[in-house]
Amino acid sequence: DAGVIQSPRHEVTEMGQEVTLRCKPISGHNSLFWYRQTMMRGLELLIYFNNNVPIDDSGMPEDRFSAKMPNASFSTLKIQPSEPRDSAVYFCASSLVPRLTWTSGRDLPDTQYFGPGTRLTVL
Amino acid sequence: QKEVEQNSGPLSVPEGAIASLNCTYSDRGSQSFFWYRQYSGKSPELIMFIYSNGDKEDGRFTAQLNKASQYVSLLIRDSQPSDSATYLCAVRATGRRALTFGSGTRLQVQP
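Taken in order, these protein sequences are the chains called F and C. All you need for this note's numbering is the position in the first sequence, starting with 1, plus 6. All you need for this note's numbering is the position in the second sequence, starting with 1, plus 40.
No lab work stands behind these hints: they were computed from the structure. Here the structure is a predicted model, which is why all the values come from computation and not from measurement. There could be a bad hint or two in this list.
As the list claims (entries may be wrong) - Chain F side only, calculated, beta carbon under 8 Å to chain C, not exhaustive: (1) L49; (2) N56; (3) Q118.
To be verified - Taking lysine to aspartate or glutamate and the EDC-like style, the derived pairs with C-alpha atoms no more than 20 Å apart in a straight line are: (4) C:K107 <-> C:E97; (5) C:K82 <-> C:D123; (6) C:K82 <-> F:E17; (7) C:K96 <-> F:D116; (8) C:K42 <-> F:E50; (9) F:K30 <-> F:E17; (10) C:K82 <-> F:E50; (11) F:K30 <-> C:E85; (12) F:K84 <-> F:D69; (13) F:K74 <-> F:D63.
Note that beta-carbon positions come from the ideal geometry of N, C-alpha and C, so glycine has one too.
Make a model of the complete structure from these sequences and hints.
Below, the structure is given as structure tokens:
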């Protein structure tokens, strides 16, 4: 299994430019998460998809950020326009939420697997 | 108050000793608790998870959960220099799939 794949691994851009980060989750996983990690704020959730549908976007900072998941094997996180404060490592993670969670109402745990991350620097 | 709190460290232990990492959380509705290890410049990798009160052992690692005290810990027995990393505690509330992470504890195992 290739694991979660993210691209690019490094991105350096200038303030005001559009940035698109890409993620391919582990095949068969039904949940996808975008996290951001900075020294000041640690690792924090941006948005979470289940079966390609955005479920929780409470962590998306503002309208400059948008995320899509057009199919089960691909997601993008876009920042437009980018600002220096967006500089961080952006991680994508995926998991398989047990079907029994949805059918039984039981809150069964799932394991999130992280991709290698994209280090974004906005100058 | 942060939702998930960890001592940032560094926690320094000699090789072969037991390292004890602690985490407290504020949401009593939290159901699942995870420990991730993150090497510098790398992504977090899961060590283990726990969701029932008590201890859970996996090799050299033991997770301990006390929901009444809102406290979760990770013990690493026979610590090795390769265990030197930042350990992230993560908590998941009922009905919420996303994880809330602590800021991490940096562990240094001295040879």
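To see whether the hints hold, each was checked on the structure:
| no. | hint | result |
| --- | --- | --- |
| 1 | L49 | 4 Å, holds |
| 2 | N56 | 7 Å, holds |
| 3 | Q118 | 6 Å, holds |
| 4 | C:K107 <-> C:E97 | 18 Å, holds |
| 5 | C:K82 <-> C:D123 | 14 Å, holds |
| 6 | C:K82 <-> F:E17 | 16 Å, holds |
| 7 | C:K96 <-> F:D116 | 17 Å, holds |
| 8 | C:K42 <-> F:E50 | 12 Å, holds |
| 9 | F:K30 <-> F:E17 | 17 Å, holds |
| 10 | C:K82 <-> F:E50 | 16 Å, holds |
| 11 | F:K30 <-> C:E85 | 17 Å, holds |
| 12 | F:K84 <-> F:D69 | 10 Å, holds |
| 13 | F:K74 <-> F:D63 | 11 Å, holds |
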